[in-house]
Every structure is written in C-alpha cells, then in structure tokens.
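Asker: One letter stands for each residue in the lines below.
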Amino acid sequence: MRIRTVAVAVALLGGLAWLATLPTVQAQMEPGPRTDAATFKVDPVHSSIIFGISHMGVGYFYGRFNSPYGEFHLDPDDPSKCTFEVGVKAEKVDTNNGRRDGHIKSADFLNAKQFPEITFKSTSVKKAGTSTYEVTGDLTAHGVTKPVTVQIEHLGTRETERGHLAGFRTTFTISRSAFDISYMPQGLGDEVTLMVGIEGRKK
Amino acid sequence: MFQLLALSIAGAVGVCVVLMLIAWRPWRPDAALAGGRWGGAAAFTLALMPAYLLGERWPGLPPSESWQWIVYVLLVSGAVGAADSSRRWPAAVRVAVYVLPAGVAGAVLVGDWVESPWLWRAVTGLLVLVTHAVINDAGERCRGGSVPLALLVAATCASIVILEANSAKLFQLSAALAAGLGVCTVLAWWRPAVSLARGAAPVIAVALTGLVLSAKFLTYAPIPVWSFVLVSAAPLGLLAARVAPGQRRRPWIAAAVRVIAVLVPAGVAAAAAVASAAADSPYGY
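Residue numbers (the working numbering), protein chains in the order written: chain E, 2 to 204; chain S, 333 to 617.
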C-alpha cells in the first residue's frame, strides 16, 4: 500500500514537472518579438481593412474591404530591409448593403471592373520607435498611384500553434479626390480614414 | 445627387433650347427649317456636357476610364452629324457617316477588361449603326414630334435601367439626353419640319447605346444583360412601326404606333431592371 502511494505521488510529480515544461496558453498570448528576419504571407481571415468617411456632414460611416492579401518582410535588425505589400480586391468592399456595395464598386467611385485592385507597396521603411515603423509607399486605387507615409505599429512576432505569426496595425487618412474619386462631394467627405490590421504567417 | 440631377437636366434643356432656336429659327417658313439640322447635332452633343462636368473633370486624352470616352465619341458623332446635315454627300461618304460613329464607339467604349471584349465591341458598334440608321429613316419619313417622343421614351427607360444599376454619373448623362429629347419633342410638335435625321441621329445613337452599355460593363446590380441590350435597341421599334398596321391612317394613330413600338421593349427592359433591383437591399443615394 505504501509503495503504491509513493509510486502514485512520484508519477504525479513527474507529470506536473512535464506539464511545467510546456508553453502555456498565457505565454502564447504575450508579445515576444523575435530578432530574426522573416517574410510573412498575409492571412486574409485575421486581417482587416476598415474605412470611414463622413456622410452628409452629420454622420460618419464605416465599411470594410474583405480578404486582404499580400506579404511583408520584417527585419528587426535592419528596418530598411522591411517591406510591406498589401492589396485587396476592390470588389470585396462590404458595407452591409448590397446595393450600396454595388454603387461604391461602380464607376461613380472605385470603378472596380476596370481597376480591380487596391494596393500598397512600400518604398522605404524607417524605425520610428521601439515597435513602430515609418513606412512610405505607393498606394494605388482607381488607377491612380500616390505616395503615402504611415506609422505602422508592430504588434508582435511569435511561434504559435498556428505557425510563426507576425502582425501590425496602422491608421491613416487619404484624400479620395487625390485618387480621382470625387463624386458626390456634397454628400461624402473628401477625407477617408483607413484602419488596417494585418496578420501574417511565415512563408 | 438630386441637386446634380436637376442641374444636369436644366443644363441640357438650356443648351438645347438655345442651340435649337439659333439653328432652326422656328419662326421661319417650313422650307427654311431643313437647314437647321446642324443645330440638332450641336445641341445633343453639348447638352450632355454640363451633366458630365458636374460629376467629372474634363477627361485627358486618352481618358483614364473607358466610359469617359463618351465625351469624345459624342464630339466625333456631333461633327459627323453636322457634316451630314450640310449637304447630300456621295455614297462613299454616306457610308463613312454611318461607320465612323459606330466604329469609334465600339472601339473605345468597351475596355479590354470587359468580358468578351470583341463581342461587346461588335454589339456596341452594331447597335449604334442600326440605331443611327433607324433614326435617320424615321426622321426623314415622319414629320412632327412622334420620333423625338419615341426616343424620349427610350431615353427615359434607359435612365431607369441605369439608375437601378447604381450608376449615378451615367444616370445624369442619360437624364440629360432625355431632357434634350423633351425639348426637341416640343419644338418638333410646334414645327413638324424639325427633324432629328441627318444631324442629331448619330449623337443620339451613340449617347443612348454608349451610356446603357457602359452601365452594363461598369456596374454590379443583378440586372439581366438582356435588359441593357433591349433598352438600347428600343429605338429599333421605329422600324417595326413602319410595317405595323395603322401607318396610313390618321397621323396621330401612326404617331401612337411609333411611340408604343418603342415603349414596349424599353418598358419591359426598365420593368425587369426595377424588379431585379427591388429584390436587392434597399438603398438610397
């Protein structure tokens, strides 16, 4: 009886010791930037592009572009080697109203049939803070390409059960008329706010 | 949007009234009115420009968007119409008068990004060509306001289809075309010698076909393709009216037959567009 009790106690202690070596869920959730450079493919399911625009001078309306795609390269040791290339199909606009989506996709605004893609491609990246980068790049929409500079916050890079993931987010504004999307100036503001959250998996 | 629409219509009415009065000078005797057909070409070409410029800047050459070619195609058609009104040209030139607007419209209004672009270029060119010929034929044979009224019906139904397709810019332009045809209808009823033949015909053919098919190419509304094609082909009802019974009876019966022959296909197309859009989410511009 005593031998059995000791054996059970030893087994339990051994099990606990083994469990202690496993990474915990909590540990997986904590940010833990890695130092090695890597290229990540954008995860369309866990990435979001939200846009907002004033309506009739009284409201502020939000919509989104579903399923972004692209890839980004992070090199914490040499930010100048970081690159960000993110795009979305213009016809993936989603405002929770099918006819409004159709109107936004029409030639009144995005002309999604002739200009099916909206893309951002970085041209230079500079470190701006401990986890932020100043990214300058070319934003192409409606067939017009304009340089934009955005502050990107690197949210984390880590090994997870879903693979080696990294993510960032940014918020910036553009003038839609700069992209020749100027219809209905009486009803819609010129300034469009873009909120972007991108998650990628190491290629 | 309603402000832009009202300004587009007002601009088209103003341009048409001024140019048509200057060109036709309708207070003159009947025999003198034939010389004013260039005014029809000029009026319909310029009537659509305020509507375009209310929504867009003047396009570069080449324009960045395929539908923006419409202003240049209108200018070419207007020049062709004005040239056609100036004298009786030899047969070879007459062929060019028909082929040029149709060829240019088919070539530039259909971008390479359209599915089956060559098919749609052929359809666009053919519709412009046939519509042009039918308006010329009806305008030469029929005096009075029935031909412009029938085309006003077609343009109104086309505007409904374009509106339901969710293209406000193209809707403004089609509404301006309808407004111009409204002015012409009144003028032609007052002075039956006023005609759309050999003058305004290529411009109306290009505007109607070009705007409707551009809406088909550029929009996402669940409107059937045949609805776009049918409404842009509706002026061909004037050809059907030519062989319909009642043409040799009283003029008003013949006029009613012409209008009905255009209204039936155009109305069916518009009704189909409205029904399709009604099944979609509710939305106000």
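Hint data in this document are derived by calculation from the structure and do not stem from the laboratory.
The reader is advised that the hints may include incorrect statements.
[What the hints assert, rightly or not] Distance ranges between label pairs, derived from CB positions: (1) E:V46 x S:V350: 44 to 50 Å; (2) S:V350 x E:K90: 44 to 50 Å; (3) S:A610 x E:K90: 26 to 32 Å; (4) E:P45 x S:R389: 31 to 37 Å; (5) S:L385 x E:T172: 34 to 40 Å; (6) E:S176 x S:P361: 57 to 63 Å; (7) S:L407 x E:R163: 55 to 61 Å; (8) S:A428 x E:K42: 34 to 40 Å; (9) E:L156 x S:W558: 29 to 35 Å; (10) E:N97 x S:V575: 48 to 54 Å; (11) E:D79 x S:S448: 45 to 51 Å; (12) E:E118 x S:A364: 54 to 60 Å; (13) E:F173 x S:Y404: 45 to 51 Å.
[Unchecked claim] Chain E stretches covered by chain S per the calculated footprint, using a threshold of three residues with CB under 8 Å from any CB of chain S: (14) 47-54; (15) 110-123.
[To be verified] On the chain E side, residues computed to face chain S include the following (Cβ under 8 Å): (16) K106; (17) S107; (18) T171; (19) D181; (20) Y184; (21) G190; (22) V193.
Glycine is no exception: its CB is placed at the ideal position from the N, C-alpha and C atoms.
Asker: Each hint needs a verdict: does it hold in this structure or not?
Answerer: Hints, verified against the model:
1. Distance hint for V46 (chain E) and V350 (chain S): a CB-CB separation of about 60 Å, inconsistent with the stated range 44 to 50 Å.
2. A hinted range of 44 to 50 Å holds for the C-beta pair V350 (chain S) and K90 (chain E), which are about 46 Å apart.
3. Range check, A610 (chain S) to K90 (chain E): about 28 Å between beta-carbon atoms, so the 26 to 32 Å window is met.
4. For P45 (chain E) and R389 (chain S), the Cβ-Cβ distance of about 35 Å falls inside the hinted range of 31 to 37 Å, so the restraint holds.
5. Checking the proposed 34 to 40 Å range against L385 (chain S) and T172 (chain E) shows it holds: the Cβ atoms sit about 35 Å from each other.
6. At roughly 58 Å, the beta-carbon separation of S176 (chain E) and P361 (chain S) lies within the given 57 to 63 Å, and the hint holds.
7. The hint said 55 to 61 Å for the Cβ distance between L407 (chain S) and R163 (chain E), and at roughly 59 Å that hint holds.
8. Range check, A428 (chain S) to K42 (chain E): about 56 Å between beta-carbon atoms, so the 34 to 40 Å window is missed.
9. Between L156 (chain E) and W558 (chain S) the beta carbon distance is about 51 Å. The supplied range of 29 to 35 Å is therefore violated.
10. Distance hint check: the CB atoms of N97 (chain E) and V575 (chain S) are about 52 Å apart, consistent with the given range 48 to 54 Å.
11. Between D79 (chain E) and S448 (chain S) the C-beta distance comes to about 49 Å, which sits within the given range of 45 to 51 Å.
12. Between E118 (chain E) and A364 (chain S) the beta carbons are some 58 Å apart, a value that agrees with the proposed interval 54 to 60 Å.
13. For F173 (chain E) and Y404 (chain S), the hinted distance range of 45 to 51 Å is not satisfied, since their beta carbons lie about 37 Å from each other.
14. Against chain S, the stretch 47-54 of chain E contributes 0 residues with a C-beta closer than 8 Å to a partner C-beta. That does not satisfy the three-residue criterion, and the hint is violated.
15. Remark: the stretch 110-123 of chain E is confirmed as covered by chain S, as 5 of its residues place a Cβ nearer than 8 Å to a Cβ of that chain, reaching the required three.
16. Of the supplied interface hints, the one on K106 (chain E) holds, with its beta-carbon coming within about 5 Å of a beta-carbon of chain S, less than 8 Å.
17. With 8 Å as the threshold, the beta carbon of S107 (chain E) comes within range of chain S, its nearest partner Cβ sitting at about 5 Å, so the hint holds.
18. The closest approach between the C-beta of T171 (chain E) and any C-beta of chain S is roughly 28 Å, which is over the 8 Å cut-off, so the hint fails.
19. Hint status for D181 (chain E): holds, given a least beta-carbon distance of 7 Å to chain S, under 8 Å.
20. The interface hint given for Y184 (chain E) is met, as the beta carbon of that residue sits about 6 Å from the closest beta carbon of chain S, less than 8 Å.
21. Annotation: G190 (chain E) was flagged as interfacial toward chain S, and the flag is violated, the nearest CB pair being 16 Å apart, outside 8 Å.
22. A least Cβ separation of about 18 Å between V193 (chain E) and chain S goes past the 8 Å threshold, and the interface hint is therefore violated.
Hints 1, 8, 9, 13, 14, 18, 21 and 22, counting from the list given before, are not met by this structure.
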